[in-house]
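So the chains spell out like this:
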Amino acid sequence: MPGKLFIRRRDGRVEVRLNDAGREVIRQIFAHVVAAERDPTHDWHVALLAPINPSSDDDDPLSTLARQNEIATNAELSIMTLNEQFLNDAEAWAWLSTLQVGLRSMAVVNGILSDERLEACDRALLEDIRTIQQLLFELAACF
Amino acid sequence: MASVKPLRISSTESEVQSEVAVVTQRVWNVVVWNDPVTPMTVVVVVFKRIFGYSNSKCTQLMLKVHHEGRAIVWSGHRERAESYCVKLQVAGLQATVEQDG
Chain R
1 MPGKLFIRRR
11 DGRVEVRLND
21 AGREVIRQIF
31 AHVVAAERDP
41 THDWHVALLA
51 PINPSSDDDD
61 PLSTLARQNE
71 IATNAELSIM
81 TLNEQFLNDA
91 EAWAWLSTLQ
101 VGLRSMAVVN
111 GILSDERLEA
121 CDRALLEDIR
131 TIQQLLFELA
141 ACF
Chain Z
1 MASVKPLRIS
11 STESEVQSEV
21 AVVTQRVWNV
31 VVWNDPVTPM
41 TVVVVVFKRI
51 FGYSNSKCTQ
61 LMLKVHHEGR
71 AIVWSGHRER
81 AESYCVKLQV
91 AGLQATVEQD
101 G
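Quick note, the sequences are listed as chains R and Z, same order. In this text, residue positions in the first sequence follow the working numbering: the first is 1, and each later residue adds one. In this text, residue positions in the second sequence follow the working numbering: the first is 1, and each later residue adds one.
Bound conformation, chain R alone (with noise of 0.2 angstroms):
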């Protein structure tokens, strides 16, 4: 049975166990949500401009800043924090919410909108889509 990859410590860290290609396969995710919330272009940046109140034709700006900081700030700590041995409980979160909002990114742009979609999408895509939500799975169980 192969070893967990994030382990809550009695400390209250949480311990990264993933090799090289692990962590380069998080950084990959972790920078295209940053350039997509810089970049207009950027193929994931459309997803990450879900309505907040899609009854209203316009969000709050207030509203909507504060989604596009908080993202911003959290995939950036992220990626300041990729190569530590330990996170702490703040930074364990941000490396969550970063690779959850690029799962979901990946998801959209590539319209997979239904259990359906996802089963039938290109088989280097979907084992992209498992690997994150492995990932998300071990880390996850670390709150």
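These are computed hints drawn from the structure, not numbers from a lab. Every residue, glycine too, gets a C-beta built ideally from N, C-alpha and C. A few of these clues could be false.
Claimed, not checked - Below, computed lysine to aspartate or glutamate pairings styled on EDC-like, alpha-carbon distance capped at 16 angstroms:
| id | chain 1 | residue 1 | chain 2 | residue 2 |
| --- | --- | --- | --- | --- |
| 1 | R | Lys4 | R | Glu138 |
| 2 | Z | Lys87 | R | Glu70 |
| 3 | Z | Lys87 | R | Glu138 |
| 4 | R | Lys4 | R | Glu15 |
| 5 | Z | Lys48 | R | Asp89 |
| 6 | Z | Lys87 | R | Asp60 |
Stated by the list, open to error - Where chain Z lies over chain R, by a calculated footprint (3+ residues, C-beta under 8 angstroms):
| id | segment |
| --- | --- |
| 7 | 52 to 66 |
| 8 | 85 to 92 |
Dock chain Z against chain R, hints included.
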């Protein structure tokens, strides 16, 4: 006549104010929508972290999202509803706000 006018104006203002008060007191719901990729455990920990709900309540809400396609996870004033919605979106869940009724 002069003494009647202010009374009529005051009465009209009072009616308008009470109508505005009724509108702003309507409840807003925070809705979380199902999607095919988010792991169930992530939904549970996000609910727990943002709302501080118990494990069983978070699991019930997650299952409602999974089986019914959506669930109302919080209701109350508009500003707080939007704030919670932003927190859920920042955590990567598909969330919106809607006015009750």
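> Tell me, which hint numbers fail for this structure?
Replying inline: 3 and 8
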